[in-house]
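Participant: Below are the chains, spelled out letter by letter.
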Amino acid sequence: MTIDLKTVKHISKLSRISLDEEKAKKLETDLNSIFKWIEQLNELNTKNVEPLSSIVETKLRLRKDEIKSINIRDEILKNSPDKNKDFFVVPKVVE
Amino acid sequence: MSDIINLSLCDLVSNIKDKKISSEEVSSAYIERSKKSKHLNSYIEDTFALALKKSKEFDSKPDFNKKLPGVPIAIKDLFCTKNIKTTASSKILNNFVPTYESTVTQNLWDEGAILLGKLNCDEFAMGSSNETSFFGNVISPIDKNLVPGGSSGGSASALAAKLTPTTIGTDTGGSIRQPASFTGTVGLKPTYGSCSRYGIVAFASSLDQAGPMTRNVKDSALMLEVMSSFDSKDSTSIDFKRPSYSKDLSKNIKGKKIGIPNEYRVEGMSDEIEKLWEDGKNYLKNCGAEIVDISLPHTKFALPTYYIVAPAEASSNLARYDGVKYGFRTEGKNLIDMYEKTRSEGFGDEVKRRIMIGTYVLSSGYYDAYYLKAQKVRRLIKNDFNNAFQKIDAILTPSTPSSAFKIGEKSNDPVSMYLNDIFTVPVNLAGLPGISIPAGVDKKGYPLGLQIIGKPFDEQNILNIAYSMEDKINFKSDVKDWWMK
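Same order as they appear, the protein sequences are chains A and B.
FYI, this note's numbering numbers position 23 of the first sequence as 23, with every residue one higher than the one before it.
Here this note's numbering = 1-based position in the second sequence + 1000.
Worth flagging that the hints you see were computed from the coordinates, not collected in a lab.
One should not assume that every hint holds.
[To be verified] Simulated restraints on C-beta separations:
no.	chain 1	residue 1	chain 2	residue 2	range
1	B	Ser1008	A	Glu66	38 to 48 Å
2	A	Val89	B	Lys1082	40 to 50 Å
3	A	Asn79	B	Ser1416	34 to 44 Å
4	A	Lys68	B	Asn1095	24 to 34 Å
5	A	Asn79	B	Asn1383	38 to 48 Å
[Stated by the list, open to error] Listed next, the in silico DSSO-like pairs over lysine-lysine satisfying Cα-Cα at most 27 Å (straight line):
no.	chain 1	residue 1	chain 2	residue 2
6	A	Lys59	B	Lys1382
7	A	Lys9	B	Lys1333
8	B	Lys1091	A	Lys36
9	A	Lys64	B	Lys1233
10	B	Lys1333	A	Lys92
11	B	Lys1341	A	Lys26
12	A	Lys23	B	Lys1091
13	B	Lys1410	A	Lys26
14	B	Lys1333	A	Lys25
[As the list claims (entries may be wrong)] The following residues of chain A were derived to be distant from chain B, with all beta-carbon distances above 12 Å:
no.	residue
15	Asn48
16	Asp65
17	Ile67
18	Lys85
C-beta: ideal position from N, C-alpha, C; glycine also.
Please build the complete structure, drawing on both the sequences and the hints.
Facilitator: Printed below as a string of structure tokens:
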């Protein structure tokens, strides 16, 4: 399967990474060579194999449902590139 | 005080405990050297003034019951350090100052260690040569044209150049073991779940593990003992009884069965690596171990599997960098435009490439063909190891298919760069512990490493095997100070 320039631009949209024409073309080449190499997985029949999503195949731990007072608002806001009082500031989203 | 920098970590600790040297003397010696190491570019940010202050504090009120009493340590800049800039070598985190500490680094400080500085690495730990960092390439102290390996390249370079007595890295597909192999040092990737991932900048969460990089095996045992802990803040942290790795270290490996996987004899592997591996087997036989031929039939599928799984996880982990909550921002004409510009300018090319691969394999219509397929093959790879470990105690392989390569040699060919991790990646996919130890040099005098792979949570066993082999190999690091200015 080949990845064309249109697909590259679609993935770039999904990834929220803007690309200029030159970078998109370079990525088209790179991704095609990478996926050509990845295609070798198709040699394997995996029809009855259970997918492995985590090595730690135990159930997630339960913890007590307790109220904890963690007042770290200022710490959370500290690294924001733009903030106003207690809020993160972003470009206007609602007209 | 040139002797100080030549002491191993364990010897340094004994000398401090015996009051032969002070923490301040140790920090001063390493700071003096580190200040002259600009050429290597291994540091991103130093904390020398703070380290000296902490050393003086330690000396005025020493606690010799600690495992790392007053020992200065420089660490990979992927670990969050409270109130100290943590960048993951990315422009997007260039102004990020964590308000919390990673569990692994907290464990170090709790045992008396002192932060010396933050070390360069590949951007978001994505790379095998430390050529993807926003802060520039790291140079190997072995030769001015050589990469130190990656992604923990700054850690390997600083350790080999004796800018720090020990260091820590992270390993997602070989990022501790490969740079250790390239620089003649010891690198250990623990079992997945042994060291907490809390506070480590995430790359691929089902594969990432922190581990020590040291000058010898005993130092690795001590570091692992300090780093490894159960942590409720990491949902994949595992609660098991952790041995005293350094105390229980033993050279008795008589009767241990060591597997040699036939599939690791890959095409194009040099005679030197072949010989290194042969020598390794002989060392083990001399130690009383038994060599057993084994088969790991799905080995060749490990790398393509990894290059689906790791980018998929990375693309979702790195979705958090949106220019809103923290990190770099580029203004845009609306919210989406801001996201796209921020991420385009904030991430480097390799990171963008991997986010794109990950997004593609997870996107509608391709999920089953790529991501699900890779997860199934990952199961087969893990089963290979499970089957092999029925009849053996550990596995011996080369750490890398070649010695360190030149800067720029592979940077234009992603697949050839990825192939460098062929022997290390399967270990991460299966969540196993692996250690790389220096085992010789090639024709050019560049170090080569051997890897020992163990069963889950069997770090003690691979440390013991490495400890016995180290004795027989008797590798001497030959790093000169040519880089010093």
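Participant: If we take the beta carbon of A:Ile67, is the closest beta carbon in chain B still more than 12 Å away?
Facilitator: holds (17 Å)
Participant: Compare the distance between the alpha carbons of A:Lys9 and B:Lys1333 with 27 Å, and conclude whether the hinted pair is satisfied.
Facilitator: holds (20 Å)
Participant: Hint says 38 to 48 Å; check whether the CB-CB distance for B:Ser1008 and A:Glu66 agrees.
Facilitator: holds (45 Å)
Participant: Need the status of pair A:Lys59, B:Lys1382: alpha-carbon distance at most 27 Å?
Facilitator: Measuring from Cα to Cα gives roughly 19 Å; hence the hint holds.
Participant: Verify the proposed pairing of B:Lys1341 with A:Lys26, using a straight-line Cα cut of 27 Å.
Facilitator: Roughly 19 Å between the alpha carbons, so the hint for B:Lys1341 and A:Lys26 holds.
Participant: What's the verdict on B:Lys1333 and A:Lys25, does the C-alpha distance respect the 27 Å limit or exceed it?
Facilitator: holds (25 Å)
Participant: Check the hint pairing B:Lys1091 with A:Lys36 against an upper bound of 27 Å on the C-alpha distance.
Facilitator: Given that 27 Å is the threshold and the Cα spacing comes to 31 Å, the pair is violated.
Participant: Does B:Lys1410 pair with A:Lys26 here, judged by a C-alpha cut-off of 27 Å?
Facilitator: holds (16 Å)
Participant: For the pair A:Val89 and B:Lys1082, does the Cβ-Cβ distance stay inside 40 to 50 Å?
Facilitator: violated (25 Å)
Participant: For a C-alpha distance cap of 27 Å, please report whether A:Lys23 and B:Lys1091 respect it.
Facilitator: It holds: about 18 Å lies between the C-alpha atoms, which stays within 27 Å.
Participant: Does A:Lys85 clear chain B by more than 12 Å, comparing its Cβ with all Cβ atoms of that chain?
Facilitator: holds (16 Å)
Participant: Holds or violated: B:Lys1333 with A:Lys92, Cα cutoff 27 Å?
Facilitator: At roughly 9 Å apart (the allowed maximum being 27 Å), A:Lys92 and B:Lys1333 satisfy the hint.
Hints 2, 8, 15 from the earlier list are contradicted by this structure; the remaining hints agree with it.
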